[in-house]
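*Asks:* One-letter residues, chain by chain:
2 protein chains.
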Amino acid sequence: MITEICKKAKAASVEMAKLSADAKNTALCRMANALEANAEKILAANKVDVETAKAKGLKSALLDRLALDQKKIQSMAKDMREVSTLADPIGTIISTWTRPNGLIISQVRVPLGVVGVIYESRPNVTSDSAGICIKSGNAVILRGGSDALNSNVAIGKVLRDALEETAVPVDAVQVLNSPDRKVAEELIRMREFIDVLIPRGGADLIKTVVETSRIPVIETGTGNCHIYVEEDADLEKATSIVINAKCQRPGTCNAAEKLLVHSRIAKKYLPTVIAALRKEGVEVRGDEETRRIVSDVKLAREKDWYTEYLDLIIGVKVVKNLDEAIAHINKYGTKHSDSILTADFDKAMKFIKEIDSAAVYWNASTRFTDGNQFGLGAEIGISTQKLHARGPMSVQHLTTTKYVILGSGQIRK
Amino acid sequence: MITEICKKAKAASVEMAKLSADAKNTALCRMANALEANAEKILAANKVDVETAKAKGLKSALLDRLALDQKKIQSMAKDMREVSTLADPIGTIISTWTRPNGLIISQVRVPLGVVGVIYESRPNVTSDSAGICIKSGNAVILRGGSDALNSNVAIGKVLRDALEETAVPVDAVQVLNSPDRKVAEELIRMREFIDVLIPRGGADLIKTVVETSRIPVIETGTGNCHIYVEEDADLEKATSIVINAKCQRPGTCNAAEKLLVHSRIAKKYLPTVIAALRKEGVEVRGDEETRRIVSDVKLAREKDWYTEYLDLIIGVKVVKNLDEAIAHINKYGTKHSDSILTADFDKAMKFIKEIDSAAVYWNASTRFTDGNQFGLGAEIGISTQKLHARGPMSVQHLTTTKYVILGSGQIRK
Numbered sequence: 030m031i032t033e034i035c036k037k038a039k040a041a042s043v044e045m046a047k048l049s050a051d052a053k054n055t056a057l058c059r060m061a062n063a064l065e066a067n068a069e070k071i072l073a074a075n076k077v078d079v080e081t082a083k084a085k086g087l088k089s090a091l092l093d094r095l096a097l098d099q100k101k102i103q104s105m106a107k108d109m110r111e112v113s114t115l116a117d118p119i120g121t122i123i124s125t126w127t128r129p130n131g132l133i134i135s136q137v138r139v140p141l142g143v144v145g146v147i148y149e150s151r152p153n154v155t156s157d158s159a160g161i162c163i164k165s166g167n168a169v170i171l172r173g174g175s176d177a178l179n180s181n182v183a184i185g186k187v188l189r190d191a192l193e194e195t196a197v198p199v200d201a202v203q204v205l206n207s208p209d210r211k212v213a214e215e216l217i218r219m220r221e222f223i224d225v226l227i228p229r230g231g232a233d234l235i236k237t238v239v240e241t242s243r244i245p246v247i248e249t250g251t252g253n254c255h256i257y258v259e260e261d262a263d264l265e266k267a268t269s270i271v272i273n274a275k276c277q278r279p280g281t282c283n284a285a286e287k288l289l290v291h292s293r294i295a296k297k298y299l300p301t302v303i304a305a306l307r308k309e310g311v312e313v314r315g316d317e318e319t320r321r322i323v324s325d326v327k328l329a330r331e332k333d334w335y336t337e338y339l340d341l342i343i344g345v346k347v348v349k350n351l352d353e354a355i356a357h358i359n360k361y362g363t364k365h366s367d368s369i370l371t372a373d374f375d376k377a378m379k380f381i382k383e384i385d386s387a388a389v390y391w392n393a394s395t396r397f398t399d400g401n402q403f404g405l406g407a408e409i410g411i412s413t414q415k416l417h418a419r420g421p422m423s424v425q426h427l428t429t430t431k432y433v434i435l436g437s438g439q440i441r442k
Numbered sequence: 030m031i032t033e034i035c036k037k038a039k040a041a042s043v044e045m046a047k048l049s050a051d052a053k054n055t056a057l058c059r060m061a062n063a064l065e066a067n068a069e070k071i072l073a074a075n076k077v078d079v080e081t082a083k084a085k086g087l088k089s090a091l092l093d094r095l096a097l098d099q100k101k102i103q104s105m106a107k108d109m110r111e112v113s114t115l116a117d118p119i120g121t122i123i124s125t126w127t128r129p130n131g132l133i134i135s136q137v138r139v140p141l142g143v144v145g146v147i148y149e150s151r152p153n154v155t156s157d158s159a160g161i162c163i164k165s166g167n168a169v170i171l172r173g174g175s176d177a178l179n180s181n182v183a184i185g186k187v188l189r190d191a192l193e194e195t196a197v198p199v200d201a202v203q204v205l206n207s208p209d210r211k212v213a214e215e216l217i218r219m220r221e222f223i224d225v226l227i228p229r230g231g232a233d234l235i236k237t238v239v240e241t242s243r244i245p246v247i248e249t250g251t252g253n254c255h256i257y258v259e260e261d262a263d264l265e266k267a268t269s270i271v272i273n274a275k276c277q278r279p280g281t282c283n284a285a286e287k288l289l290v291h292s293r294i295a296k297k298y299l300p301t302v303i304a305a306l307r308k309e310g311v312e313v314r315g316d317e318e319t320r321r322i323v324s325d326v327k328l329a330r331e332k333d334w335y336t337e338y339l340d341l342i343i344g345v346k347v348v349k350n351l352d353e354a355i356a357h358i359n360k361y362g363t364k365h366s367d368s369i370l371t372a373d374f375d376k377a378m379k380f381i382k383e384i385d386s387a388a389v390y391w392n393a394s395t396r397f398t399d400g401n402q403f404g405l406g407a408e409i410g411i412s413t414q415k416l417h418a419r420g421p422m423s424v425q426h427l428t429t430t431k432y433v434i435l436g437s438g439q440i441r442k
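Chains as they are written, first to last, in the working numbering: chain A, 30 to 442; chain B, 30 to 442.
These are computed hints drawn from the structure, not numbers from a lab.
Some hints here could point you the wrong way.
Just so you know, same-sequence chains aren't split out, so a pair can sit in one copy or run between any two.
To be verified - Calculated lysine-lysine pairs in the DSS-like style (CA-CA distance at most 27 Å, straight line):
{"id": "1", "residue 1": "Lys379", "residue 2": "Lys349"}
{"id": "2", "residue 1": "Lys101", "residue 2": "Lys332"}
{"id": "3", "residue 1": "Lys211", "residue 2": "Lys236"}
{"id": "4", "residue 1": "Lys382", "residue 2": "Lys37"}
Based on the sequences and whatever the hints tell you, model everything.
*Replies:* Structure representation (structure tokens):
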């Protein structure tokens, strides 16, 4: 079964690579319209998923992610329309030059081919991923979590039906309709057909895919993000940044999970910032030094320093100096987003140079690591690996390049 | 043991990322000088390898690759100096922009970190890879074939001794000195320390690495390259291109392995081109149609169409038209380099658009797919995959990027 799906995707990808921007944009708008026109059908399917999940006793955070309503469907349609307005990366000539022997060499942007997306319980990922993949000229195979199966299949059917009337082949979007784990395991071995696999979800999902896939994977999302407050930071701004980075949306990967504070200002600053965090309902876990200053702070264990809480919890540590802060972040972080708050240019530059993360901030909240916030448009995830794409992955990161060489009979001497 | 080596490489990579272009270039020149100054030591070690290989009955093509002489060592030193003259990609600001909220976002080029290179019997790969990795600010762990162990260890020692007097940490270059397969197997699982693995060698080596590695791999090199002669091609130029692509250096990955000929000119052209190939000592294997036209051609089996001969052998097939040629190449090829010979713009554009390969040629020999021939400088391999880099991989392909975000207290609303 999977082989058939993969073959269809491959065939569709060949057609996709030939399409004009207009043809793809028309299809995206049709898909957006179809989502709105078929909202009732999608909500009915979603209701089945939500009720099953409730009966299984799923946590309320997960139920929130799973549940759709009219507003969320409108937002999916809006996002799809926004993708249609982005520049089409396909066919862009990145550079072109002539060699001494007269060969004209160009590097041209082309689609990847077939993209596999493996995700969890958020059904909007189905339409988001389909939109970004079509815009970038790829075919996509979508495999969502079993909790959202009915929702995903319903969204997939609406999108495919919409494609019937367009130049985009229907099989450019395929949703796996089996909740069987083995199907996913089979999918991630289809190297012959799938060009890249993108896991979107929690750390466990990503780890499993990375460790078992035979297809190149782009790791996304895990964010154990740090804010480091230097001794010369503007402490008022610092508190506003810390609160924003931790509390504005704690369940996102670019939320801060750890606060490091320079030892020289710890005594003065920790009581203030911890009080401010607690006022927002944040649980503070600190190292011994933090507990010497604010005695009722819970002790952070070694494991805490590695943890992405995705919740109103923060780990707080006093560091000797900038070097210790950098070493700590590079050791315990996930190479996602880290910020230094300082008035000192040299310290900021050292931090920027030595922190090995996708996004390094000076005097700003880590919450900006996001395709839209960066001004790149919709994203399919935030890459925390170094190959291919790093940071927010937008439409152009779902492409590759090809060298085109025009000659007039040249041979190599 | 491997863990220790990986830790040293990781530590060295942190220092490497901070180095100026001058510091790296000075080290490269010292390494080049050291190769020449220690040629006798290297040749003595190489002699041991060559004699052992001879005693084991290694094929002469492999012995050729393994054996060093003064000239080859001079060439290694020359290549190292050439790498020192290339532009340093590190620190390049790819783009920078200001967001409406005042955040200044820049995308900056940074080293990958630790590169693992797994290769076969050519000892010059040791110095080539070390040079390119240092230039791009990375630390490298080198694991060559057991046949070349003494040579590689000797070259590694010379390079590391040269680094002693420079700003580049000695552990930026480490050569594994164990011929044990298990050591290589352990190496390719060190995801925690190694950022990318590059196998350089034959199809079997690459397949093994791709299938067992836990580290992101860049596939290189396998080239089942095609030349397709359209009915309106300039047949005189065609023959010169076919002979060049097949015979100029048949053991390289960009050599042509297959010749496809449009059915309308097959009767006229095949006798000429096959005679020309045979004059150069090429064994021709053809499909049934080719054998109907030139009867003494050996029959090509299904397996032939998939095979990279790396030898004076060529597969010849008559195709109905351009569509069949494209379908054949995309099915049997290795996405390396393929060329169409035609006078017709539309046909060329169709071929260029639809052939899914790293390099697509119009009216030229496939032998140009090479970092130096493209004008990109020294290469560490030719990527035949789509992620990260495609085609000749030069110094800048051993880098990644980082977003640097400068703010003045911005928080997300």
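*Asks:* Among all the numbered hints in the text so far, which are the ones the structure does not match?
*Replies:* Hint 2 contradicted; others consistent.
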